[in-house]
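Next come the chains, spelled out residue by residue.
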Amino acid sequence: MSGKRFDGGLFIRGARDILPLILAAIPFGIVYGAMAQSLGLTHWEAMGMSLFVFAGSSQFIAVTLLASAAALPVIAMTVFIVNLRHMLYAASLMPVAEKIPALLRVPMAFWLTDEAYAVVANRLRAKLDDGKGFYSYYIGAALIMYLNWQLCTWIGITVGEKVPDMTNWGLDVAMVVAFIGIVVPSLQHTAHWACAVTSAVCILLTYDWPHQTGLLFSSVMAIVVGIIVLKQQQNTAERRAIHE
Amino acid sequence: MNDYWWLIVAMTALTFIPRYLPLALAGKIHIPPLLVQALEFVPIAVLTAIIVQASLVRDGAILVSTENHYLIASVLAFVTALLSRHLMLTIVVGLVTFSVCRLQLF
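Taken in sequence, the protein lines are chains E and P. The first sequence lines up with residues 1 to 244 when you count with this note's numbering. The second sequence lines up with residues 1001 to 1106 when you count with this note's numbering.
Certain hints may be false.
Heads up, simulated DSBU-like pairs for lysine-lysine below, C-alpha to C-alpha not over 30 Å straight-line [to be verified]: (1) E/127 with E/99; (2) P/1028 with E/132; (3) P/1028 with E/127; (4) E/132 with E/99; (5) P/1028 with E/162; (6) E/99 with E/231; (7) E/127 with E/231; (8) P/1028 with E/231.
Think of the hints as simulated: they come from the structure by calculation, not from any bench. Quick caveat: nothing in here was measured; it's all calculated off a predicted structure.
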């Protein structure tokens, strides 16, 4: 096992595990392509954003802000803030990233999305793999996500020209229900539920903050509450153990 | 190069840096155990906020109404996920619910 650079089996497994999320991302990518071309981006500009930026929500925000004639530095800053959540994702991958050569972490970072992270986070929690195994699994999931995003952008650009009202169909609902399917089964302890409920309440109080800063605020608050509840439970359990 | 391409270059850098920085630092800095525990809450914390915002906030305001098809789809998807713990089934129930509401089949 140790001499092997890449685990093909885990690569395939990663690609397979992300399939439901790929299906959910298809309408999202198509709507992005349709929106981008309807706002006057050339085909190559719309495609280029998917190829080089590869961040669904950022791309949506960018084209939405372009439509409202926002200044380009404002768009760039907004994109940066919205993507700070990826920094949280990357930080949570740090313990396993230690075992992966530095150069190989570059594609890992470039292909880090909500979807890829959601799938690998399950795998990471189960602690099934060594560094190489995890990397193979990650790249399998992330690569197919990337290729699918390019294909869907292209379809969106092409079909959007012929069906201009497609952007109002609400196809983005697919991503929302997919995230529900990911999060709910991961709520296994009281601390997890406390975290989720805090996140939900906070975002309802802060959704109108500028540049999606409410999203970051809510995430941080939810993590803090989750940790507090977890610690409290651990303390109670210890005290009970001492009494018994 | 026109403005849009410059925007794409800027966005590429600004999306890559936050994704890469922690990965680049992995192994070089010590992560306290409390932070490791905190980071395990990241998917729940972030994804829940995205879900709730997308389901309840329509056109810049909270909309709790049967006219909010996103909310109806999300609630049924939530119940499905709770009972079945099955990702694909959750997605299908959510999408079918949304389509039925949208097309006003009932």
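(request) Report the numbers of all earlier hints that the structure fails to satisfy, in ascending order. (result) 5
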